[in-house]
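*Asks:* For reference, the chains in residue letters:
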Amino acid sequence: MSTSNVKIAAKGISKSFTTENGTIQVLDNVSLEVKTNEFLVILGPGQCGKTILLNCLAGILPPDSGEVILNGKKVTEPGPDRGVVFQQYALFPWKTVRDNVAFGLAIRHMPVKERYEIAQKYIDLVGLTGFEKSYPHQLSGGMKQRVSIARSYANNPEVLLMDEPFSALDAQTRYSMEKELLSIWEQEKRTVVFITNNVEEAIYLGDRIVLMTKLPGTIKMEFPLTSPKPRNYTDASFLEMRLAISEETELAL
Amino acid sequence: MANAAAANLKEKIGAVFSFVIFLALWQVASMAVGSEALPSPADVVAKAQEMYTSQIGGKSMWMHIYYSLRRVVGAYLLAAVTGIPLGIAMGWNVKFRKIANPIFELLRPIPPIAWIPIAILWLGIGEGPKIFICYVGAFVIFVMNTYTGMRYTDHLLIDAARTFGATRRQQLFNVAIPASLPSIFAGVQNAMSMAWMCVLAAELVGAREGVGFIIIQGMDLNNSPMIIVGMITIGLIGLFLAVSLRYLEKLLCPWRRELQ
Amino acid sequence: MTNQQLSENYHRGKEVKVSVTDLTKKYDDLLVLNDISFNIYKGEFLCIVGPTGCGKTTFLNCLSRFIPTTRGDILVDGQPADPTHHDMAFVFQEVSTIPWLSVEDNIRFGLKVKRRPPDEVERRTEQMLELVGLKKFRSYFPRQLSASMEQRVVIARNFALNPDILLMDEPYGQLDLKLRYYLEDELIRIWQEIGCTVLFITHNIEEAVYLAQRVLVLGQKPATIKEEIIVDLPRPRNFADPAFVKIRDHVTDAIRWW
Amino acid sequence: MSTAHASALEAPATSRVKGYWKEYNSSVFSLLVFLLIWELVCRLGFISRFQLVPPSEVIVVMIEKFWTAPPDGATLFTHIAASMTLALVGFCAAVVVGVPLGLLMGWYKPVMVLVRPLFDAVRPIPPIAWIPLAILWLGIGIEAKAFIIWLAAFVPCVINSYIGIKLTNPVLIRVARIYGASNWETFIKIGVPSAVPMIFTGLKLSLNAAWTTLVAAELLAASEGLGYMIQMGRRLARPDIIIVGMLTIGFTGALMSYVLTKIESRIASSRRL
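Residue numbers (the working numbering), protein chains in the order written: chain X, 897 to 1149; chain H, 2 to 261; chain W, 976 to 1233; chain R, 305 to 577.
These are calculated hints, taken from the structure and not from any lab test.
Errors might be hidden in some of the hints.
Unchecked claim - With a straight-line cut-off of 30 angstroms between C-alpha atoms, the simulated DSBU-like cross-links for lysine-lysine are:
#, chain 1, residue 1, chain 2, residue 2
1, R, K413, H, K251
2, W, K992, W, K1017
3, R, K470, H, K99
4, W, K1001, X, K1075
5, R, K413, W, K1001
6, R, K470, W, K1087
7, X, K1009, X, K907
8, W, K1110, W, K1087
If you're wondering where the values come from, they're calculated on a predicted model, not measured in any experiment.
Just need the whole structure built from these sequences, with the hints factored in.
*Replies:* Laid out in structure tokens, this is it:
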């Protein structure tokens, strides 16, 4: 892998937290590189520190040691160049769909007309046309997550960080959201770091899968995925890959 | 939807039914007791008519209500204007919190009503102590609710704003304060009922006008219908204040309209 | 063997445990279940699959008398189904451990409600703790357990009753793959050991084919039974096995929801 | 893992544990400054002795009040005992009636339909407004005060028990019903235990309301108790007595809430909720 087209990289990141029961090491010397427009999936069991890793990449949490490099520069703070889609949506309940999507643009003091135009484009892209004036509580889980994706996209980030975005959705919505995310990504390619604990979702979406261990989280293995998207859940190659990956994961009882 | 309407109707019939039972029991009880102390519903209605058309202590009933309301609303607005910013400051700024919180925590457990004697000592027996008591009662609630709202703002929302590059100031005004509004509004309601209770207490202890004065006058005159009319008036005004605030909340927080 | 023959062989000589005839459910004007008829045999493992929101859960709710049916009968052993008479057990989609009871008290709960004699309650509880491997955790409270342990407590609580029918409503929907495999194998093991009648509802075709002796496919609202598929694969089954994939694809075609 | 975050609004905090002193020094400092300003305001004669006395004198009076009865007729302990007895009697009576009523209202629809309208009708009248009527009916003795305190504590008990049982997880109700439990059995075994946390919240609110109302009642009609003590302080123009009384009211109230919180956490930890 040549370093020239590396978009975002983590170098030797460690992180631990102090709790009542002592110190817990959450990440142990994690390094990874994501190429421009690559769809990287980080797969790991519940509580393996993958969310913390994502927060480090986003700059929300400072790592104890190691650094995050974006475009060759060290990351110290969250910034509009990295959009985050949170598991619990993190929509602003007091804002309409349109104002939520336009939030990042408003923060940058873009004129109202312009920002609503951009917002509209992404609302249309995620298929929420007609819901511009709804409030988040009026939407279903899948719709909320679409708003969240649109909000990140509208801000035109270089890197999209997605933290188990579909884990709170029911299975069928989840399938259709995966499909939709893929088609959005095909239309507007971005560098994506996608976190999940679902093997099928990982194989369905990823260009490359990074498998993490249980606490303290380290990178156990990488699986490049070359077959063309969209992939079929019952293809022999899909099932083989699923078997190969799940053999490597630990059973979390 | 037909079921919902039917259920609604059933509830209304139930309400009417329970009121009828209540009035009947009251009537029976007053006949059984047969003393001045427990007037019948009819006596109370007659008394209400009399009270609202004549003067008590040199003022009409409406004037008494006006006096009470003036005290409450004045103190309440003052408490909102001072309490909400203080709560925001305490919630947002660690330094400020550390300085203000201990004094606040020291004074908070003292019920506002316990301030009445010292308020009278400080401010005499005019409007001053009554407004002061209401102010204390409402102020504490405003501060506490605003502060709690700020402290319990979902961290995720702040994080989300940070990922869009929001400055600290933008995080405060665009995220933390709006996110605290539900809690602040809960405070707005509670502060009002607290202020209303405080004005009553202050008027009971020493006043020549106001609804509290009416019921204490009733007690002094040994006139229980008068007290009951006063109490009902108090309840109705309290209800009116609460309903208007709820309406205001719906107006100002449209995103919460369907949450309740 | 054609599907037809398979089906005929399967039904021959089986004892009916639950019979559902002309089951219909309407909410106001919304028809959710439309004229559903089928039998569940004694000791059978039956799966029902269908798209989300096709009325699977409504069906279970009718069966367990949570909600009244609009029309049709559900008979258990020839009697109208009624939880106070029949030993039914239910594993819900949501985790349904009782938070203020310890693991063992959770397992005792059903037995106690059924007023079983104390010595039987104790004996069954011990047996179940052993069976689901939670002996060491008997005095733990649900919130100290992981999701999979909680689900095992629920399963133990239900199997403790030695139920006539065990109803399961997407019990593993939210679990990750490996854990799901593990719990599915556990379920098969316990079912084979105890041998009760299981009705398992899921949207996951792979899971249905992995578990069931027979799969019923429900169509979109209003739900009707579109197809019946006999799964005659030996256990333990392998999801990459071509025969398995063939049945799975067949079921997928039958549903065709995406 | 997001619980590992520092509290919401603090600027990114260093997770290192700082010394106890460092954590609290500014708080102690601010209290000291507060007391110092108070002391100076009084000592420099900005305010009359009949309105405010310096904190140093308040402390002296407070210590003296432990064994001296004058000028308000009883020692501090007597006042505390009188007030606490009254508050606790009213509170306990309210709990005994209010909690079951709330639970039944939440579980049985007919109870709700019959009781709720009356309850809603009476609720807007602050308990304090009942004082004159209570005195007229029951005299100025302990009964009138106990009645008013009961009334004040009753309302939060009912409301919270009601809400608590309404919030019972429906899945748990179904668990009991599928095993053939009767409605009453489900109420006792599922509804009531799951309402317990909300009931405790209600108890705290009740205690608070009881204590506030007690002060009001004692201001109006009493011959002992903390409310009476501060009222006497006013009549005698003795701000020191009033302030000692106010602080004692605050402290005793906080202490009772604290005890209740301890009981709650004891119960909660035994159930590991």
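*Asks:* State for each hint whether it applies.
*Replies:* Against the structure, the hints come out as follows:
1. R:K413 / H:K251: holds (29 angstroms)
2. W:K992 / W:K1017: Holds. K992 of chain W to K1017 of chain W sits at ~5 angstroms (cutoff 30 angstroms).
3. R:K470 / H:K99: Given pair K470 of chain R, K99 of chain H is violated - Cα atoms ~39 angstroms apart, limit 30 angstroms.
4. W:K1001 / X:K1075: violated (33 angstroms)
5. R:K413 / W:K1001: Answer holds: K413 of chain R to K1001 of chain W is near 25 angstroms, not above 30 angstroms.
6. R:K470 / W:K1087: Roughly 25 angstroms between the alpha carbons, so the hint for K470 of chain R and K1087 of chain W holds.
7. X:K1009 / X:K907: violated (41 angstroms)
8. W:K1110 / W:K1087: Answer holds: K1110 of chain W to K1087 of chain W is near 20 angstroms, not above 30 angstroms.
Of the hints listed earlier, those the structure fails to meet are numbers 3, 4, 7, in rising order.
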